[in-house]
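Work out the full structure: start from the sequences and follow the hints.
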Amino acid sequence: MKASRLITASILVSAPFAVLGFYKFAEKESILARIIQLKDGFTNYRKAKTYEEVIDDKYKIINNVQYDTELPRGFCDIITKNDEGDATRPTFIYMHGGGFVVGDKIEGDPTTNADDAYMKYKFEAMVEYGYNVVTTNYAFAPWYKHPKQVEQISRLVEFLKANAEKFNLNKDEFIISGTSAGGNLAVEFALIQVSETYQQQVGIKPVLNKDNIKALLLEVPLLDPYRSNKTQAPIILNNFLFGRGARAYYYKSVIRKYNPKLDLIRYVDSNFPPVFITDGNAGSFKDQATDFYNKLQEHGVPSDIYVPSFKYGKKTHSYMSDLNSQATKNYHEARHAFLLQQNLVR
Numbered sequence: 001m002k003a004s005r006l007i008t009a010s011i012l013v014s015a016p017f018a019v020l021g022f023y024k025f026a027e028k029e030s031i032l033a034r035i036i037q038l039k040d041g042f043t044n045y046r047k048a049k050t051y052e053e054v055i056d057d058k059y060k061i062i063n064n065v066q067y068d069t070e071l072p073r074g075f076c077d078i079i080t081k082n083d084e085g086d087a088t089r090p091t092f093i094y095m096h097g098g099g100f101v102v103g104d105k106i107e108g109d110p111t112t113n114a115d116d117a118y119m120k121y122k123f124e125a126m127v128e129y130g131y132n133v134v135t136t137n138y139a140f141a142p143w144y145k146h147p148k149q150v151e152q153i154s155r156l157v158e159f160l161k162a163n164a165e166k167f168n169l170n171k172d173e174f175i176i177s178g179t180s181a182g183g184n185l186a187v188e189f190a191l192i193q194v195s196e197t198y199q200q201q202v203g204i205k206p207v208l209n210k211d212n213i214k215a216l217l218l219e220v221p222l223l224d225p226y227r228s229n230k231t232q233a234p235i236i237l238n239n240f241l242f243g244r245g246a247r248a249y250y251y252k253s254v255i256r257k258y259n260p261k262l263d264l265i266r267y268v269d270s271n272f273p274p275v276f277i278t279d280g281n282a283g284s285f286k287d288q289a290t291d292f293y294n295k296l297q298e299h300g301v302p303s304d305i306y307v308p309s310f311k312y313g314k315k316t317h318s319y320m321s322d323l324n325s326q327a328t329k330n331y332h333e334a335r336h337a338f339l340l341q342q343n344l345v346r
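Counted from 1, the sequence shown has number 145 at position 145 by UniProt numbering; the numbering is strictly sequential.
These are computed hints drawn from the structure, not numbers from a lab.
Treat each hint with caution, since some may be false.
Claimed, not checked - So the derived label-pair ranges between C-beta atoms look like this:
| hint | residue 1 | residue 2 | range |
| --- | --- | --- | --- |
| 1 | ASN44 | ALA334 | 20 to 30 Å |
| 2 | TRP143 | ASP83 | 19 to 29 Å |
| 3 | ASP83 | PRO234 | 30 to 40 Å |
| 4 | PHE240 | ASP263 | 17 to 27 Å |
| 5 | GLY313 | ASN44 | 34 to 44 Å |
| 6 | GLU158 | GLN326 | 40 to 50 Å |
Everything numeric in this text was worked out from a predicted model, so none of it was measured.
Note that beta-carbon positions come from the ideal geometry of N, C-alpha and C, so glycine has one too.
Structural data, given as structure tokens:
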């Protein structure tokens with residue numbers, strides 16, 4: 001009994017030091033990111049086989065189309081109806097989440113419990129709405145930092161425009177979408193297209209005109225990196241992981257001191273495209289989504305927001321991946337209604 005108590009006491013005493021040691025270890029963002037990437041099999045790859053497949057006799061996918069040779073992971077998948085093709089359908093571009101360090105164009109973000117069924121539903125829904133879908137990968141942090149990934153998205157769009165005839169894509173109408181880190185990239189890319197102030201700040205030239213972007217569809221986007229580790233109705237693990245992802249992508253002190261230059265919400269004005277945004281009610285960026293929505297409304301930008309009520313329980317950063325939940329069904333209905341309102345369902 002005495003020995004058992006001594007063992008228990010030693011564990012209680014040593015546990016805080018073990019946690020502290022882990023946090024110290026995780027200060028090395030590159031080490032933590034590499035561990036996560038190895039665990040889930042994600043790499044900054046530069047080669048992939050391009051091939052076509054047909055899903056359910058309805059959808060054609062061209063896998064691993066290389067759009068960028070300058071940075072790794074410069075590959076996208078193109079998903080269309082399995083027919084002769086229709087270049088009048090708007091081009092829907094999607095950027096996956098994963099804290100800037102993991103994630104995939106088809107598999108989604110492993111940290112949000114995204115599975116094949118969820119991602120399949122997401123893309124098939126967009127095709128059924130009347131779009132041709134392009135879902136893309138991009139280089140991982142911390143080896144490639146901001147704004148390299150945004151530059152990569154610009155090259156993606158340039159590639160799609162240059163090869164629009166080859167892939168039977170619309171090069172004049174785009175819907176830009178992203179989840180979590182991908183939502184961050186979507187908003188920053190859009191800002192570069194419509195804001196001269198922001199263009200000058202990041203030193204990236206626009207590749208589209210304002211009228212080319214018909215809407216943004218955003219899921220749980222990170223908009224202010226200073227708040228990346230300050231989730232609403234906080235979940236401690238999310239705070240830790242999201243903060244480390246932001247540090248890996250930007251720089252270490254980004255979560256310690258507010259940097260107005262990185263707060264995307266500040267740059268929104270009446271030139272911004274229409275936006276639909278959703279976020280969870282716990283362990284996510286609800287405050288950022290609300291601030292963003294309010295700024296859009298202030299400037300008269302067509303916009304809508306959906307945050308699940310707590311009557312559906314805690315709906316976290318990954319709530320959309322539960323296709324059977326009422327909150328997710330409400331989100332899909334609200335998003336569809338917004339697209340109808342903008343005359344974007346074909």
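Here is how each hint holds up against the structure:
1. ASN44 to ALA334: 20 to 30 Å: About 36 Å separates the Cβ atoms of ASN44 and ALA334, which means 20 to 30 Å is violated.
2. TRP143 to ASP83: 19 to 29 Å: 41 Å, violated
3. ASP83 to PRO234: 30 to 40 Å: Given range 30 to 40 Å: violated, Cβ gap about 48 Å.
4. PHE240 to ASP263: 17 to 27 Å: 21 Å, holds
5. GLY313 to ASN44: 34 to 44 Å: 38 Å, holds
6. GLU158 to GLN326: 40 to 50 Å: Taking Cβ atoms as reference, GLU158 and GLN326 lie about 41 Å apart, which means the hint holds.
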